Structure formats: structure tokens, C-alpha cells
Amino acid sequence: MSNSPSSISAQALAIHSRFGIELAFVVPNEEAGLLPINSFFMELEDLATQDMPELLVKSIAKGREWLNETFEGTMTFSQKTITHLNEWHGWFGEAISAWQMSKKLPPHPAGWESTGSTSTGNTDAPSSEEAHSEVSVEEKAIELNLKEDAELLHEFHAESIDGLQSIEQGLLVLEDNPSDSGTINSIFRAFHTFKGAAGFLRLIALQDLAHDLESLLDAARQSKIKITTPIIDIILAGSDALKKYTYQIGLQLKGTNAGSPIVVPTSHVIQRVRAALRGDLPPTTPPPPQVAAKAPEPIAEAPTPDPTISAEPKPQSPPTETALNVISQKKGPLNTIEVNVTHLIPTPTASKEQSAVKDQSSGFVKLDTAKLDALIDLVGELVIAQSMVVQDPSIQNLESRNLARSLRQLSRTTSELQRNAMSLRMVPVRSAFQKMGRLVRDISAQQKKQVQLVLDGEETELDRNIVEKLADPLVHMIRNAVDHGLESPEERVANGKSALGTVRLSASHQRGGILIRIQDDGKGLNTKKILAKGIERGLVSPTAELTESEIYNIVFMPGFSTAETITDLSGRGVGMDVVKRNIESLRGKVEIQSVLGKGSTFTILLPLTLAIIDGLMVGIGNDRYIIPTISVRESFRPKVGMVTSIHERGAVVSVRGRQTPVLRLGEFLGTEGIKAKNYEDGIIIVVESGEDMRGILVDELIGKQEVVIKSMGETFKDNHLLAGAAVLGDGSVGLILDVDTLVNL
Amino acid sequence: MTTQISSDNKLKTGRYLTFSLGNESYGIPVLNVREIIRLCPITPVPRMPTHIKGVINLRGTVIAVLDLRAKFQLALGDYSDRACIIVVQLNGPDGTKTLMGAIVDAVEEVVQLRDDSIEPAPDFGGSPDTQYIMGVTTCTGSVKTLLDIQKIFLDDASITRALPDGKARESALLGARNASNAAETNLLGVGK
Numbered sequence: 018m019s020n021s022p023s024s025i026s027a028q029a030l031a032i033h034s035r036f037g038i039e040l041a042f043v044v045p046n047e048e049a050g051l052l053p054i055n056s057f058f059m060e061l062e063d064l065a066t067q068d069m070p071e072l073l074v075k076s077i078a079k080g081r082e083w084l085n086e087t088f089e090g091t092m093t094f095s096q097k098t099i100t101h102l103n104e105w106h107g108w109f110g111e112a113i114s115a116w117q118m119s120k121k122l123p124p125h126p127a128g129w130e131s132t133g134s135t136s137t138g139n140t141d142a143p144s145s146e147e148a149h150s151e152v153s154v155e156e157k158a159i160e161l162n163l164k165e166d167a168e169l170l171h172e173f174h175a176e177s178i179d180g181l182q183s184i185e186q187g188l189l190v191l192e193d194n195p196s197d198s199g200t201i202n203s204i205f206r207a208f209h210t211f212k213g214a215a216g217f218l219r220l221i222a223l224q225d226l227a228h229d230l231e232s233l234l235d236a237a238r239q240s241k242i243k244i245t246t247p248i249i250d251i252i253l254a255g256s257d258a259l260k261k262y263t264y265q266i267g268l269q270l271k272g273t274n275a276g277s278p279i280v281v282p283t284s285h286v287i288q289r290v291r292a293a294l295r296g297d298l299p300p301t302t303p304p305p306p307q308v309a310a311k312a313p314e315p316i317a318e319a320p321t322p323d324p325t326i327s328a329e330p331k332p333q334s335p336p337t338e339t340a341l342n343v344i345s346q347k348k349g350p351l352n353t354i355e356v357n358v359t360h361l362i363p364t365p366t367a368s369k370e371q372s373a374v375k376d377q378s379s380g381f382v383k384l385d386t387a388k389l390d391a392l393i394d395l396v397g398e399l400v401i402a403q404s405m406v407v408q409d410p411s412i413q414n415l416e417s418r419n420l421a422r423s424l425r426q427l428s429r430t431t432s433e434l435q436r437n438a439m440s441l442r443m444v445p446v447r448s449a450f451q452k453m454g455r456l457v458r459d460i461s462a463q464q465k466k467q468v469q470l471v472l473d474g475e476e477t478e479l480d481r482n483i484v485e486k487l488a489d490p491l492v493h494m495i496r497n498a499v500d501h502g503l504e505s506p507e508e509r510v511a512n513g514k515s516a517l518g519t520v521r522l523s524a525s526h527q528r529g530g531i532l533i534r535i536q537d538d539g540k541g542l543n544t545k546k547i548l549a550k551g552i553e554r555g556l557v558s559p560t561a562e563l564t565e566s567e568i569y570n571i572v573f574m575p576g577f578s579t580a581e582t583i584t585d586l587s588g589r590g591v592g593m594d595v596v597k598r599n600i601e602s603l604r605g606k607v608e609i610q611s612v613l614g615k616g617s618t619f620t621i622l623l624p625l626t627l628a629i630i631d632g633l634m635v636g637i638g639n640d641r642y643i644i645p646t647i648s649v650r651e652s653f654r655p656k657v658g659m660v661t662s663i664h665e666r667g668a669v670v671s672v673r674g675r676q677t678p679v680l681r682l683g684e685f686l687g688t689e690g691i692k693a694k695n696y697e698d699g700i701i702i703v704v705e706s707g708e709d710m711r712g713i714l715v716d717e718l719i720g721k722q723e724v725v726i727k728s729m730g731e732t733f734k735d736n737h738l739l740a741g742a743a744v745l746g747d748g749s750v751g752l753i754l755d756v757d758t759l760v761n762l
Numbered sequence: 623m624t625t626q627i628s629s630d631n632k633l634k635t636g637r638y639l640t641f642s643l644g645n646e647s648y649g650i651p652v653l654n655v656r657e658i659i660r661l662c663p664i665t666p667v668p669r670m671p672t673h674i675k676g677v678i679n680l681r682g683t684v685i686a687v688l689d690l691r692a693k694f695q696l697a698l699g700d701y702s703d704r705a706c707i708i709v710v711q712l713n714g715p716d717g718t719k720t721l722m723g724a725i726v727d728a729v730e731e732v733v734q735l736r737d738d739s740i741e742p743a744p745d746f747g748g749s750p751d752t753q754y755i756m757g758v759t760t761c762t763g764s765v766k767t768l769l770d771i772q773k774i775f776l777d778d779a780s781i782t783r784a785l786p787d788g789k790a791r792e793s794a795l796l797g798a799r800n801a802s803n804a805a806e807t808n809l810l811g812v813g814k
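Quick mapping for you: the protein sequence lines, in order, are chains A and B. Take the position in the first sequence, starting the count at 1, then add 17; the result is the number in this note's numbering. Take the position in the second sequence, starting the count at 1, then add 622; the result is the number in this note's numbering.
Simulated from the structure, these hints should not be mistaken for lab results. Check before you lean on any hint, since a few could be wrong.
[What the hints assert, rightly or not] Computed from the model, here is a short list of chain B residues facing chain A with C-beta under 10 Å:
{"hint": "1", "residue": "Leu639"}
{"hint": "2", "residue": "Ile664"}
{"hint": "3", "residue": "Ile674"}
{"hint": "4", "residue": "Val677"}
{"hint": "5", "residue": "Asn679"}
{"hint": "6", "residue": "Val684"}
{"hint": "7", "residue": "Ile685"}
{"hint": "8", "residue": "Ala686"}
{"hint": "9", "residue": "Gln711"}
{"hint": "10", "residue": "Thr718"}
{"hint": "11", "residue": "Thr720"}
{"hint": "12", "residue": "Gln734"}
{"hint": "13", "residue": "Phe775"}
[What the hints assert, rightly or not] With the C-beta cut set under 7 Å, the calculated list includes, among others, these residues of chain A facing chain B:
{"hint": "14", "residue": "Glu71"}
{"hint": "15", "residue": "Val74"}
{"hint": "16", "residue": "Val744"}
The structure presented is a predicted model; accordingly, all values stated were derived computationally and were not measured. Cβ atoms here follow ideal geometry from the backbone N, Cα and C, with glycine treated the same way.
Between the sequences and the hints, there should be enough to build the whole structure, so can you do that?
See the structure below:
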């Protein structure tokens with residue numbers, strides 16, 4: 018779970034409530050409850066090392082002091098300590114809720130000597146002299162009233178991120194279709210909303226800029242000016258400036274530089290907007306680099322979620338980037354559970370008629386991701402508890418038809434609940450894909466290449482965490498495709514291709530996972546060059562005879578970069594090896610196909626979710642293991658003579674005409690009580706890793722099961738045979754085998 | 623953590639949870655004890671040293687379980703129904719917290735010890751190894767060995783890949799590798 022303030026406060030609150038229960042059982046002059054209370058303080062002390070208001074940290078230290086007195090004294094609670102602890106419990110609860118609402122924490126109760134009670138929450142505005150000293154004459158600074166407007170600012174921040182992203186998407190649509198009045202309208206309205214909200218919060222500089230941009234769009238709306246590329250550039254520069262403000266606001270909400278004035282150079286943009294409005298030819302120079310180049314970056318660094326949890330019905334909006342994922346509660350009868358996660362921003366192409374602004378208000382609930390994760394974890398626990406009850410022998414011995422019916426209903430409801438909870442995690446890859454539009458636009462402009470980006474299958478759903486982590490590898494691969502893959506227009510025409518290069522980014526379901534393809538119609542990978550480079554860098558031996566795909570894989574080796582000229586965009590040492598590592602950390606795979614002169618395709622195969630895998634449960638002796646279904650090619654019971662032994666120890670089996678080595682898993686793992694002494698008595702499961710396959714002999718197939726992957730912790734981190742563990746239906750732990758290790762033994 | 627048992631054997635005064643292993647009695651600082659649970663089915667993990675018994679499900683978290691008898695090379699035997707798992711929290715050098723379980727034969731009591739009642743670990747000149755021992759103390763009529771749990775567990779929290787301990791495993795591995803080479807040769811042969 019993330020360690021954002023809101024998650025820390027939520028954890029602290031959970032401990033607080035368990036603490037309360039334990040405290041109720043504490044009796045004077047008895048020891049009962051001492052260990053649990055000690056353990057609660059240990060948990061709180063862990064939390065206190067993270068971001069927590071000082072007053073809370075002090076109170077925990079105070080509690081620890083009382084507890085230590087008890088430990089060193091009679092080992093039983095004195096009446097005084099109990100009174101203290103009760104007082105502490107009451108105060109702590111209030112303080113946490115105050116912290117969550119970003120309010121001032123209540124002072125420590127009297128009698129807690131030696132604890133300072135002067136410090137307040139960490140979001141106080143500093144003195145106003147400081148605030149005025151840095152304001153430049155030209156650029157208006159904004160100052161946030163963090164104390165009073167915290168909630169509004171949080172909301173404004175989250176909405177601005179959404180709004181600016183949809184503005185950017187809309188602009189890219191306009192670039193292809195400048196006369197699309199629906200999109201012009203929606204961008205106009207987005208700026209209008211922005212202006213209104215900024216005005217309400219007295220953020221004058223933002224309001225002014227949004228106002229000018231709005232006027233520009235208004236003029237376009239009334240066909241007074243034509244949308245041209247320079248105009249789009251101006252609007253993009255403007256929205257970048259607004260983004261920069263938004264990012265700074267986000268930082269201050271987190272507590273960084275809280276209260277200091279925010280200055281973003283906007284006068285240049287405003288001048289250009291006004292010039293454009295007057296009908297002057299817009300200057301063709303690119304927007305000021307410090308605004309254009311830096312602004313997208315802050316957006317990528319997601320600010321932390323806000324620490325406020327509001328009891329009001331109004332949706333609270335954590336200003337994280339993940340806040341883009343919202344939950345839509347379909348309007349319908351209240352007794353049906355129909356909660357979908359969907360993406361807030363409409364596809365510009367799909368819903369041109371709908372305004373982006375309007376979409377934000379219809380039937381969505383924004384939710385802190387920490388709460389969502391906690392819910393999903395709890396549902397997982399519930400499912401396990403349910404199956405423990407159902408499988409309990411004493412319950413199974415009861416012959417009550419009524420009970421059986423109730424249990425069936427319970428099973429149905431829990432599995433439905435689980436399915437729904439899991440679907441909450443799933444979001445379309447759209448958000449990751451759409452960011453690439455801007456990237457391609459910027460690179461192609463810089464490199465003077467003509468590139469069209471074609472997106473396909475953006476509605477394909479993936480685990481939210483994967484979509485987030487996919488963004489970086491995608492940026493890198495798209496950059497590579499445009500930068501290295503595609504040729505210059507002249508070169509393309511000379512080779513008989515159209516001057517316009519195409520990069521196609523697509524997503525689709527395949528083999529229980531998601532396939533993402535980045536395809537370009539550029540010059541393709543030059544195996545000779547790659548090999549020469551690989552040898553030069555000492556990555557491969559000069560005498561090695563490599564297949565085509567092995568040569569392509571050199572690209573993924575650390576220290577390899579094919580760029581002949583180091584450009585601003587690529588060739589900075591962060592190479593494809595990082596991409597590969599990132600994807601593998603998501604338990605995915607990446608492969609390359611390429612035809613010289615025709616183009617390259619990078620294929621990424623990802624699991625649907627990080628949390629759950631579809632597993633094949635196999636039995637060997639008394640042990641059970643889980644093999645991820647995604648790696649299983651087939652399984653069969655071998656007939657006599659199908660398996661050929663070699664040197665009486667090794668064995669191969671023919672799988673679709675390929676002799677595949679067979680591993681006797683039971684013997685390999687040292688399992689006791691193996692039943693399949695002969696190959697014919699067991700089952701061979703053919704697993705694959707990349708292009709390699711291996712047959713694995715097990716005693717029996719127990720079944721298919723979706724399991725929630727749990728980390729096994731430090732102790733087993735070097736045991737590469739295991740990919741993780743899972744809690745099974747009976748509450749015991751099942752081990753998940755790492756197929757890549759088994760295949761590459 | 624304000625009160626931490628550091629591994630350089632200072633700060634010995636405090637409360638200790640004592641437990642038995644075979645006929646011997648041991649103690650660990652109470653501040654590191656998260657909870658005590660009944661012995662439950664443990665999933666064995668292959669290719670780990672014998673004292674790593676496996677993993678259990680502690681309310682949704684998977685934690686490793688050590689057999690302290692095996693760890694100290696005491697005689698192994700069946701666990702009685704008084705056996706239980708002590709769950710301890712360890713503080714890694716980089717500030718990470720790890721939960722681990724230790725199987726003991728029986729939990730005895732919580733005792734208060736003062737620094738002056740604790741004697742340093744005796745030196746046996748090699749065997750048994752005393753690096754895990756913080757000291758010994760005499761209380762409630764018996765000698766108790768105080769263990770430095772940070773040392774015992776952190777050792778195992780970052781254990782390196784276990785060596786295969788049976789020839790069967792090795793030959794299974796070799797066999798597979800030979801077979802794989804053989805398969806390639808075979809394929810080439812067919813190709814030609």
C-alpha cells in the first residue's frame with residue numbers, strides 16, 4: 018500500500034479502533050492486554066516514521082513512555098496508566114480525524130507533561146512579508162490560502178489535471194480536423210470551467226490566462242479565426258503553463274513550500290494569445306522552452322493523494338494522477354451491484370459530441386486508491402473465510418437442506434462480490450495510450466518527420482497499477498519508433514514509401530493476458546549493425562552464431578544503444594534494457610519482430626492484473642503447487658513410449674514435432690511421496706518461456722484456480738523457483754512456481 | 623522505535639518472553655514479539671535449509687516460519703500440542719520491518735530482567751556457536767539463554783539461495799540439462 022498521508026491516517030485509524038477494543042479489556046493491576054497494546058504502539062511507531070504531524074508523533078512517544086513504565090514496573094496496568102491510555106485513545110481519534118480533514122489538530126489534554134502543544138498542522142501559511150518579496154513585476158504570482166481553501170484546492174487540483182488532459186486530447190483531435198466544432202466547443206467549455214474555478218479561489222494569474230485562452234477558443238468557435246497549427250501551439254503552450262501552476266498547487270497541498278507564492282511565466286503566452294486574437298500572424302517560434310519542455314514532466318510525477326477524507330456527500334478528489342480513474346455508479350435499482358471503473362476522459366474521437374466538461378459531472382465517484390485497495394484486500398479475505406466455512410468438516414457433516422441452500426447462496430454472492438471488486442481495479446489502457454499522442458507530436462515536430470499515431474484497442478482493460486507502470490516503457494518505445502524506426506520524409510519517398518510514417522499502438526486480449534503492440538513502418542532493425550555494435554560493446558562474443566531473434570534480443574542488453582547521433586530524445590543511456598526490466602517487473606514479456614526496410618513490431622505480453630493470476634494447481638506427493646496458466650502451453654497424460662529417455666536420466670517428449678526436455682518436478686524439488694514413478698502414471702505439463710519449452714512431470718492436475726499473489730518476503734527472495742505464494746481456499750498457503758526458472762534450468 | 627534491542631548486546635534490561643525448546647529454556651525481548659499463535663499447517667518451501675520450515679498464512683500475509691530446534695541443531699522430534707509459533711517483528715538495516723514466525727515447544731512466561739542479572743554468553747570454544755546468544759540468566763529456578771533475535775532471524779531473512787541437499791535433485795537437474803542438449807542435437811540431426 019502506498020504511504021501517502023491519507024493511507025497513513027487510514028492505517029492509524031484502523032489501529033486506533035483495534036486499540037479501543039483491546040483497551041476495553043484492560044483491568045487495573047492485571048497484565049491482560051499489555052502485549053497487544055505494545056504491538057499497536059509498535060505499528061504506530063512504524064507509521065510515525067513516515068509523514069505524520071508532529072503532535073501525533075509526540076503523542077505516540079508519550080504513550081510509549083507510559084507503556085515502558087508499565088513494562089519496567091509491575092507489568093500490570095495501574096489505574097493511572099489506564100486513565101492515561103483512555104484519554105490518549107480519545108485524543109488520538111480526534112486528532113486523526115482532524116488530520117484527515119486537514120484541520121488543526123486539537124492540543125494534547127492537560128496532564129501530559131513534557132509534551133509540547135504549540136505545534137500545529139504542517140500546512141500553515143508562512144508570514145506574508147516573505148510572500149511579497151518574490152513577486153516579479155511582470156508575472157503575477159498566486160498565493161494559496163491553504164488553511165481555509167484546502168478542500169476546494171484539492172478538488173480544483175484534481176479537476177484541473179483531468180480538464181487539462183482532456184484539453185490536450187481535444188487539441189490533438191483539432192490538429193487532424195481543425196473545423197470540428199464539437200471539439201472546439203468542449204475545449205472552450207473546459208477553459209471556461211477552469212477560469213470559473215480559478216476565479217472562485219482568487220487565483221488571478223490562472224484566471225487571466227484561462228480567460229484569454231477562452232477568448233481565443235471563442236473566436237474560433239465563432240469562426241472569427243481559423244484553427245491552424247500555430248494557434249494550436251499557442252493553446253498548448255497556454256495549457257502547459259496552467260499545468261505547471263496545477264503541479265505547483267499539488268506540491269503545496271502536499272506540504273512542499275506551503276504558502277510560498279507560485280510564479281509561472283505567462284506574460285509571453287498571454288501576449289501571443291492576444292496577438293492571435295487581434296489577427297496578427299502568430300509568431301512561429303516555438304513556445305518558451307522552459308514552459309513547453311518542463312510542463313509535461315510534472316504531470317508525470319503524480320502528486321500524492323490528499324489527506325482529506327470528507328464526510329460530505331460531495332465526491333472528494335485526491336489529486337493523484339490515479340485520480341483519473343474513477344468509478345461510475347450506474348444509475349439503476351439500488352439493490353443491484355453494478356459498479357464499473359471507467360476512465361473519466363472521453364475519447365476525443367469516440368465522443369466528439371459530448372463535451373469533456375459535461376462528462377465529468379455524470380455519475381462518477383472519485384475514490385482514494387488506498388481505500389479501493391483496502392476494499393479489494395478485504396474481499397479477498399472474505400472469499401477465503403467463506404470457503405473455509407463451507408469446507409469445514411463439521412459443517413459438511415450436517416445434513417440440513419436449509420443450511421446447504423444458504424451456503425450455496427453465500428458462495429454465489431461472495432464470488433459475485435469478488436468478481437465485482439476485481440473489476441474495480443481494471444481500467445482501460447486509454448489513459449496510457451493517449452499520452453503518446455502529445456509525445457509523437459512533439460518528437461515528430463522536433464525531428465521534422467511526418468508521423469501519424471494510430472491507436473487501436475484503447476478500451477482494453479488492465480489492472481490500474483499496470484496501466485500506470487506501463488507509461489514509462491511505452492514512452493520509451495514510442496520515442497524509439499519515431500526517433501530510430503521511422504526515416505526522414507525524403508528517405509521514405511526515395512524508398513518508395515509515403516512520406517507520412519505510421520506508428521501503430523494497439524492493445525488486445527490474448528492467451529488470458531493483454532498484448533500491446535508498437536508497430537512502425539520504418540526501416541526495421543538492421544541485424545548486421547546490431548550484431549556489430551553488440552560485439553563492439555562486448556555484449557556478445559565475435560564468434561557466436563546467433564539466430565535473428567537472438568540478435569534482436571541484444572537490443573535489450575544493458576549498455577546497448579543504436580542511435581548513431583545522440584539526440585535530445587534518445588541515446589541518453591537509458592535504453593531498452595530498462596524497458597525490458599520494467600515490463601518483466603510487471604510479469605510481462607517483450608518480443609521483437611522486424612523486417613529490414615519494412616518496419617519493426619515490439620510486442621508486449623502482460624498479465625491482466627498484478628494481483629491475481631489464473632493458476633493451474635498441480636499435486637506432487639502431498640504438496641501442491643500453482644503454475645501460472647499464462648505460461649502453460651498444454652498438458653497431457655503420456656502414453657507408453659511417448660517419452661524417450663536419454664542416458665536413463667534425461668528424457669524428452671515430442672510436443673508438436675519438437676523434442677522437449679522433461680523435468681521430473683517431484684524429484685527436482687525433493688518432494689516426498691511422489692506417486693508418478695513412471696512417466697505414464699503422471700501428467701506432463703508443457704510450459705514455455707519465450708521460445709523455450711519444457712515438459713514438467715507432476716502426479717496429478719488438481720484444478721484451475723484464480724489466486725491472489727502474495728509476496729513471500731525477504732527470506733525467499735533468492736529462491737528463484739518460486740514466483741510468489743497464494744492463500745488457498747482452505748486457508749493454507751500454496752506456492753506459485755516461476756516458470757522462467759524451470760524452463761531455463 | 624524508541625526502545626530497540628540493538629544487536630551489540632546493550633540495553634539488556636527489560637521484559638523477556640521465555641519459552642522451551644526440548645529441555646532447555648530460552649528468552650527473547652518482549653518488545654519484538656508481535657503475537658503468539660497456535661501451531662498451524664505449514665506449507666514447506668522446497669530447496670531451503672531444513673530449519674526454514676515453510677510459510678503460513680497470518681491473516682492474509684504470508685510469513686516464513688523457522689524451526690528453532692533445527693536452527694540450533696537440537697534433537698528433532700514431534701511437536702506436542704503445547705507447541706506454538708511466536709511471531710516476531712524484525713527491523714532490517716534499511717528500516718524495513720519483517721514478520722517471521724518461530725516454532726517453539728512451549729511458551730513459559732514473561733519475566734523482568736535487570737542488566738546485572740544477565741551474564742555474558744559463555745564461550746565454548748567453537749561449538750556450540752554462541753553468536754546468537756545475548757547472555758544467560760538464572761530466574762525462577764532455571765538457567766535461561768537469552769537470544770539475539772535480530773541476529774537469528776535477519777540471517778535467515780536474507781538467506782541466499784539454498785544449496786541442493788540431495789543427490790536426486792542434482793541428477794534431476796543434470797538429467798534435464800542433458801536431455802535438453804540431446805534434444806538440440808537430435809533436432810539438428812533431423813534437420814540435416
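> Of the numbered hints stated previously, which ones are contradicted by the structure, given in increasing order?
Replying inline: Hints 14, 15 not satisfied by this model.
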